[in-house]
Amino acid sequence: MTTSPRPERSDVTEALPVPRTEAPPAAETLREQSKTGSGRRGGGGGAPSARPSKGVGAYMAQYSLVILLVASFLLYTFWGKTGDIFFSTANLSNVAGSQAIPAILTLGLLIPMVSGNLDLSIGSTAGLSAIATAGLYSETGAPLFVGVLFGIAMGLLVGLVNGLLVTYFQIDSFIITLGTAAIILGAVNWYSKGVSILQGIPQDLVGFGSGKFLGVPKLVYVLVVVAFLVWYLLEQTPYGRNLHAIGSNKAASRLVGIRVERDIQMSFVLSGGLSGLGGVLLVANAGSANPQIGQQFTLPAIAAAFLGAACFKLGKLNVLGSLVAIYFLQININGLSLAGVANWISEVFTGLSLILAIIFTGVLSRRALKTSVKAAQSSAAEKPKTA
Amino acid sequence: MTSPASATATSSVLRVSELSKAYNGILALDGVDLDVRPGEVHALLGGNGSGKSTLIKVLAGVVDAEPGAVLQLGDSTQSLDGWSSDKAYEAGLRFVHQQPAVFKDLSIAENIAFGTEFPKTRTGGIAWKQLNKHTAELLERFGVHASPTTPLGELRAADRTRVAIIRAVQDREDADTGVLVLDEPTAALPPTEVNHLLDSLRRYAASGQTILYVSHRLDEVLSVADRVTVLRDGKKVATVDAKGLSEADLVELIVGRSLDRMYPEPTDAPEHDVVLSARGLSGGPLTDVSFDLHKGEVLGIAGLLGSGRSELLRMLFGAYKANAGSVSLSGREVRFETPSDAMAAGMAYVPEERQADALFQGNSVRHNMTAGDANSYFSKLLFKHDAEKRDSATAISRFLIRVVHDSQPVETLSGGNAQKVVIARWLRRKPAVLLLDEPTQGVDIQARAEIYALVREATEAGCSVLLVASDPEELAHACDRVLVLRNGRIATDVRPPLEAHRLTELMNLAESVR
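Line by line, the protein sequences are chains A and L.
First residue of the first sequence: 1, per our numbering; consecutive thereafter.
First residue of the second sequence: 1, per our numbering; consecutive thereafter.
Treat the hints as calculated values from the structure; they're not laboratory data.
Glycine is no exception: its CB is placed at the ideal position from the N, C-alpha and C atoms.
Heads up, some of the hints might be wrong.
Dumping the calculated DSS-like pairs for lysine-lysine here, alpha-carbon to alpha-carbon at most 25 Å [unchecked claim]:
hint, chain 1, residue 1, chain 2, residue 2
1, L, K430, L, K389
2, L, K430, L, K295
3, A, K250, L, K321
4, A, K250, L, K104
5, L, K133, L, K120
6, A, K313, A, K250
7, A, K313, L, K389
8, L, K104, L, K87
9, L, K430, L, K384
10, A, K313, L, K321
11, L, K104, L, K129
12, L, K133, L, K104
Incomplete in silico selection of chain A near chain L, CB under 8 Å [what the hints assert, rightly or not]:
hint, residue
13, N242
14, N249
15, V256
16, I258
Please take these sequences and the hints and turn them into a complete structure.
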């Protein structure tokens, strides 16, 4: 766009919650448009001969978070202050296991986020599900699987309500889920009177939640399965494709026959269900249900989702990026605390990383966009020169 | 028309020579000269990719030219190396874009003040009285009848553009240098508003100001411009006096040879086989609309903005509620509650607002092409990415879409190519009925011809088309038959021979009756 030298500024929305602009994947072949383009009506486009050369910078940017993850890992491994403890099996398995539940919540959050909706209730929903599951076990002595299903069902129910409110009243999901999050928190405190539920949790459940298989916490296996399923849903199914379309343009989605309301509704149900699962796993991991624990997961999950959008697919929310983000943050928090830095560093580190990553992606994806715009223009300019 | 005073006829207010610009080694501009004389309206024409937007961007200081270009402003000659938007502003160049960045919720006065500065009171607050008075004077001078405190959004489209122009030129009244550069100022305007804007421009030029005018609409260019520069493939083809030129002459200059016809030959209007039949449709602005659409026919809908033309298409597509009436498709009565119902029955719809209602920004060309059709690539729990790629490659070559790669984000395409992606999205599904709402808005003349060729190709294969267009010329050429919509009712059914001036009359009649 030509911009008038002064006051007109058009870069209005660099918007929440769905960042955009995917840099063209590197591995794909040039789509030859060949002679067909030029033949018909007096010589239009010719065959574009050059792929947009993606700058090394943009390429580096795609993997910068992975590089940083590896670099941090090496740093804490070889740093005298931390190396001994950091690189121990116990510590590494602790790092991996401690983030399984937050990661599952983050992946749940991704589903509505891809469609342009935020779910701020994931943390409190997990808390609700934890309290509900533990409450059921301690009051009725229900069998293990009933409690698990009950906890997940609570999450699904919250998702259903969130989705209905968002789609039926067409109110911004940010506001709706802020509201439901607060209500759930209140309900949990009412039921638990603010006290943890410690009694009656089935030993098998706790054994699973705190156990290891092949030296790796069992929760990590759950995370791997969930991550695969969410990736498959978002990237390999028509439903996922439709969510991406809705996130880009709701009105246009409707006009190509996408059932926008139904799809958004479903995204909240799925997000709620995964939060419910997260809640059950909290009980399994701790052997108890703490009414305060849930809400602390919400903001880090949002941060990780956005941070993940700075990885692999620049500017696009994606599953693998979110996982890298979560473990990048945790390795650093773990390493810094081993080095003796005070606890408050974890929040500061998370916040700083998020802001820097967003600035970084913003700059680079804009640059990637410019590159492809230029390439498009030059391909249009390169027409057969008719005499 | 204004003619430059003879004393200054040979001097230039803005002169660029030897201007080149390469993207990735490919020349978008190739040694272009441009010579704008004081007090003239100078039109810059060319198809997509001809380099005219690059030229404007260079002038605006947004894009750097290749070294060696020379810029002459009035008497001072300088190199274009190191040209910047600040320097362009200093030199009196003012730019107004296709979609001017105006703030609809703010008042006219506030919008205009953003162009310079808010006048301040002694305590540092905004001097509203002074600002409003100043704005009222400016509005008066430019013939906008509105109060400075009116929110801009309440103005009609032409006046909004005029406010954008006022904002750009407010400090230029007495200057005898400088150029107002208008980039497709009428692209977003309904045709009835265009003349109001053109009148303002003529008055502004008559007061001695210079305008560089970029447009796709040739009739406008001929009615407002003194001279015309045509670019093709990054080179200047010619600079000619507008006087005595016809649209056909311009077309020839733009595309390099005369198109036999800009639009394909209409087929003999087939009267058999009614495909779509509407009876007594009412709802929104529409009252009792009945018509038949035949197999292979292009049926035009002529009507002013607000006549209900867009609502009619949306209603047929299940995206706008009908209160009464019935629609039958191939003899069977249908009732579409949602667009997906309509699509399942073989309907397709290209909406008027491409950016807002059709394109998925940030998504690739390929995903835009298959949007809403993802289910057809999913079987046995696997997404057939290869089949999707093949299909998009086929569509890209079949529908003459100029892209570097189909994973390119769709917002990097030109208007014409983006529109072809939208049209390809539907045509590749071989719809029974294609609803087109202003399919050539913001599309250059060559892409326009290509789009109508594609439409004609589809109708030959049996598709039926309902076409809403503002340009009577376009309707006359592209349609087999035209319905005139007036105040939500069908006023006339115009049969061949279709003539543009007759359609214009009928549309104006509609306005006077209202």
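_Numbers of the earlier hints that this structure fails to satisfy, in rising order_ = Failing hints, ascending: 8, 10.
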